[in-house]
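There are 4 protein chains.
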Amino acid sequence: MPEENVNMGSSSKILLQISVAVTSIWSVGVPLHHQVWYWDMKLPVKLLKQDVTWIIKKGDIVSVPFNVACGRCKMCQRQDTHICLNVNPERPGGAYGYVDMGGWVGGQSEYVMVPYADFQLLKFPDKEKAMEKILDLTMLSDIFPTGYHGAISAGVTTGSTVYVAGAGPVGLAAAHSAQLLGAAVVIVGDLKEERLKQARSFGCETINLQEHDDVGEQIEEILGVPEVDCAIDAVGFEAYGHGTDHEDAPAAVLNTMMDVVEAGGKYGIPGLYVTEDPGAKDKDAKQGSLKVRFGLGWSKAHSFSTGQTPAMKYQRQLMMAILNGKADIANVVNATVISLDEAPEGYADFDSGAAKKFVIDPHGTLSK
Amino acid sequence: MPEENVNMGSSSKILLQISVAVTSIWSVGVPLHHQVWYWDMKLPVKLLKQDVTWIIKKGDIVSVPFNVACGRCKMCQRQDTHICLNVNPERPGGAYGYVDMGGWVGGQSEYVMVPYADFQLLKFPDKEKAMEKILDLTMLSDIFPTGYHGAISAGVTTGSTVYVAGAGPVGLAAAHSAQLLGAAVVIVGDLKEERLKQARSFGCETINLQEHDDVGEQIEEILGVPEVDCAIDAVGFEAYGHGTDHEDAPAAVLNTMMDVVEAGGKYGIPGLYVTEDPGAKDKDAKQGSLKVRFGLGWSKAHSFSTGQTPAMKYQRQLMMAILNGKADIANVVNATVISLDEAPEGYADFDSGAAKKFVIDPHGTLSK
Amino acid sequence: MPEENVNMGSSSKILLQISVAVTSIWSVGVPLHHQVWYWDMKLPVKLLKQDVTWIIKKGDIVSVPFNVACGRCKMCQRQDTHICLNVNPERPGGAYGYVDMGGWVGGQSEYVMVPYADFQLLKFPDKEKAMEKILDLTMLSDIFPTGYHGAISAGVTTGSTVYVAGAGPVGLAAAHSAQLLGAAVVIVGDLKEERLKQARSFGCETINLQEHDDVGEQIEEILGVPEVDCAIDAVGFEAYGHGTDHEDAPAAVLNTMMDVVEAGGKYGIPGLYVTEDPGAKDKDAKQGSLKVRFGLGWSKAHSFSTGQTPAMKYQRQLMMAILNGKADIANVVNATVISLDEAPEGYADFDSGAAKKFVIDPHGTLSK
Amino acid sequence: MPEENVNMGSSSKILLQISVAVTSIWSVGVPLHHQVWYWDMKLPVKLLKQDVTWIIKKGDIVSVPFNVACGRCKMCQRQDTHICLNVNPERPGGAYGYVDMGGWVGGQSEYVMVPYADFQLLKFPDKEKAMEKILDLTMLSDIFPTGYHGAISAGVTTGSTVYVAGAGPVGLAAAHSAQLLGAAVVIVGDLKEERLKQARSFGCETINLQEHDDVGEQIEEILGVPEVDCAIDAVGFEAYGHGTDHEDAPAAVLNTMMDVVEAGGKYGIPGLYVTEDPGAKDKDAKQGSLKVRFGLGWSKAHSFSTGQTPAMKYQRQLMMAILNGKADIANVVNATVISLDEAPEGYADFDSGAAKKFVIDPHGTLSK
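Respectively, the protein sequence lines represent chains A, B, C and D. Numbering-wise (the numbering used here), the first sequence opens with residue 1 and increments by one. Numbering-wise (the numbering used here), the second sequence opens with residue 1 and increments by one. Numbering-wise (the numbering used here), the third sequence opens with residue 1 and increments by one. Numbering-wise (the numbering used here), the fourth sequence opens with residue 1 and increments by one.
Fair warning: there could be bad hints in the mix.
What the hints assert, rightly or not - Below, simulated DSS-like cross-link-like pairs (lysine-lysine); rule was C-alpha separation at most 25 Å, straight line:
| # | chain 1 | residue 1 | chain 2 | residue 2 |
| --- | --- | --- | --- | --- |
| 1 | D | K286 | C | K281 |
| 2 | B | K326 | B | K197 |
| 3 | D | K127 | A | K74 |
| 4 | D | K123 | D | K326 |
| 5 | D | K281 | C | K281 |
| 6 | D | K281 | D | K192 |
| 7 | B | K74 | C | K281 |
| 8 | D | K326 | D | K127 |
| 9 | D | K286 | C | K283 |
| 10 | C | K74 | B | K133 |
None of these hints come from the bench; they were simulated from the model. Everything numeric in this text was worked out from a predicted model, so none of it was measured.
Sequences are here, hints too, so could you generate the full structure?
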């Protein structure tokens, strides 16, 4: 791999940078993100003079989180790698191949340079066992910790009743995470029946928002009470209103959560809200300003937790859950392996709302 | 005291109700709240057949939290007395003399009935020592735990830099609470110089929002950086915009906090946001809907904690701080003792924004 | 039921006392504890003048925690009902039918008086559904929250590896609780093969301590590393040493945990340690003094959490887990229903170490 | 400085190593530890090819924690730098100049090599302001975070009553930390009147253990009740029994804490307990085995938190407290500046129990 392929966003600050061959790669939304990589000694590692074999050796299989993070700033030191101060000149937090997240090149390729590789790599303890679960482990870099963070920050615990808004990959991962955290009942709402079917396939209750405009009423049919303990917004600003007349309503999910979460409850909000949305109809929405029924949430003493996930914070424990058969995340998000050539088609399908998570496998590793 | 004076809101559910003579009483905002009471055995306690002297005896001095709470529901059992399920037919949470909070009669009188008295009373361990600090202890029922909850839920800890929006009694109590929690710097913003002077009197930095419209710039002058670790909204929906042209802007404080709190920070929001505001100009504001720059907060991974304080959760530890000279809350909020007859005048002063906390002393206890 | 049957330990302090018919009842160790009760209006409730139907009505099915707790002291107010200050003149904390725990009469009978019933009852939301799961719900008053508290205080979370010392009912409940909290692997150690078989029946790994004296070695065979993330002591002071020569060694479990828990780990210690053990051989053990390899734990920065469980803190969420099919606690502890007459035989079996949890069913409710 | 002076303990794993000139240095116990250093560009930094000025520049003043920590292992990634897995072949956790902690050379010299300098340095934001508080900032590397960790892990918060065993530097730092966390009353116990006088100098209550053998009785005289909320063991295994007949009694402090901490309380245990003590009289003590009245702690549902402090976790917030005048740690521990030549004398004084904290100043920085 030519050295000019290296990410240059903040490269002058990088102490250790490692080229890895991409084993598998996958999409979360607009851009694709890469995930499970190995270090090929044939690649140039000219930057290194010191011994790094205590961190990574030829042939190791590792996971790389989607958050680019330096490991030295105060945020990284307290596990908040999603808001690293050194990887994005515009704002805290960087990511591969993401708008506005530091200009790091995406991983839809055969090889990728990983900056801060001494800090960011998660090495799988047993290569053979890792390969058996590689499709699940591929979910560690982004979608699984994103869903898990949503569930954790919503306060899901043993016996919780949870509403998850959205049955796309983030919503499905959040729903499965809520199950792992012991939720008594997980209810997923979406406009598309195909996605809801996917949610039911692993034990969730569902609400078709195309057919029903009163989420509380539907929750009552399921639980006997019109409220849940907590909620996860896996939709974000691209929300539509409920019911048959579903117009663009960027605060629709937030306002629904205020309605259906019981007093004292929390929301985890992994769904993206943008600071600016030039394509929005509404002048307020253009400025990222939403009409939120804040007084309703306040009167119920609700708490909100927003933002991207610090994937590194969760990746080790989620890896342990996968390796020991406790998490079934690839099936949950309907992981579908494609080749690098098929990527454009994968994107198109994703954009049309297919209930699939496309995983790019540039070296044919998964089909071997 | 005639028995018909009893609060009737939910009285059929009350197991123990005790008449107390009002020692002192004080205002938080629109209505006045009562606070430190004692139980006078001359008063009728006909409802009781059992021995309650293990809870309260004649002559004990007690504090009563402003949240009416049953002590038996799941919320009370987990210390969330601010959202008790049994004291307000309209919604979770009750309070004395408050709009929409269960219809409980306010405490601006010589005697008051306390429902759920077996659960709600905080007995001061030493009567004599309590009388020495009675003006500070009066703040335990409402303003001190309200400010403290704001600071706790903003995550204030040793070394924090904190922005407090509003220098009314809630803001001042929040600022002092932040100091008790170890804040390195507390910065208070308000439109009135008289209130800011009060904030400076106990060591806060201040920003006059009438003179400056860029809070971040002012913070930078104080701290060297334009952001704080966390913030407390002690204003609520009655916010004005900053600068000289300060029009009514109900989301002004929320949007400022998103701007000046660093990534990963939290806000505590004790300031009131209403579900409906019939007097608002704006149609959205009438429905309690605010234009919040939610995308900005999301991009910084902020967390929000809203609602009233569960006063009982904090009252014992704050009492210990007062009795041992660690908290100076009466001076902080500029407590000013008045008689029951002077109450209307006190209200008028409060409404005009006086930097005072009026404490009604119906029996002349404080002037003895 | 004659009124003189009422528990008199601290009865002068009781505001509401309710007679309940015992639906099912069960043993935890030396004494039997009662559990799921209903309120029969034929029983005398003369103490009551007020309306209590908002708390309990004729025919309701409720759970009563084994901790007797007043609901008014500072401990109860912060959910620490296991150390209530008003129910035991000797020390904090009371329990039914337990040595040294306040003299409250045990529940091995047809009817029992519940003190502080207004505070302590957990009402099941749907009577019919409750009866379908009544054997599991019976475990809510003691064994399930005891095991759960052990797992919670050991810090078990998604992906944890956990060692549980002891496969008696507490150990089995702790192991199942660890699974509910997301443990990747749960390893149970015991001296009896029959008990270990029970642990394997719901997916635990096991170590027979009769056959192996190096727990770390056995853990390494299972996990690939000789340490676990955290541990639960479900044995207490009645521990035996490991290996074939298992003499009485009251600190054996504590010392093993220090050995096999990785640095930074926690232990939950629900297993009973006594303040005095007059029957002990050792003079130190008689005084409840153990020889603990404290330096080993210190060098690994371990944390210990001890004591009984505050059952009320957990009962509602565990009830939700049971009612929604997420917890299988009756099977886990091998619940075995017996009549009141068979109780002495049940005790004898329990004392001999049978891998069974006996549930007394005095009214034949469970066999209907 | 010759390169062979470099610490070699684990140097093959070090990516960035920086030579720093020692500004000040100080003692914690047996060995001396270094603390505030600056990076002098005249020193050889041959290992570096990359730009590190985003981490440290010539002339920066930094703090270095006493815990040597790699920044890449799972422990460092979760802020547990006290149990780093890569800096000590014997066990988790390394330190400079400490027995059994990885063989890293101590800092009692003019220049020191800092391994993992990219991860470990805390840069002071303003050089001039830092020099004004340099004696306080010197305490950031060890004694202040050690005391603070003790107070944090004991659960000290607003209004707590706290017992601190030991008035040596760790105990004094713990007592001051408890004050910063809002303690209502801090009570320090020691055998030496001179040390207790130091504790009283910043507002602590004291108990002379030479004169009194019943700590609970003394606590009752101060508080009115014989128990505190929580306790900090700043003594460790070198404890003496209380009273006039004070023999060596390694579990004396632990047993006292079980006695005087109220039910539900926690202890922070920064005081050192060794895995082996070859010099002990007692055979058990030789093996680091203590006779602990564990049953007493269990019956009160106590929790224990042990081990060294992760200094990096706390250093930034404590720096903020110092720079903004909230912490007075140098005065609290009676910091006394000496030259490098006076170090042997300083050690001798420390060993004799002088109520002083010696700070070595090899370049005369503090006296300029």
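Broken hints, numbered, in rising order? Of the numbered hints, just 7 does not hold.
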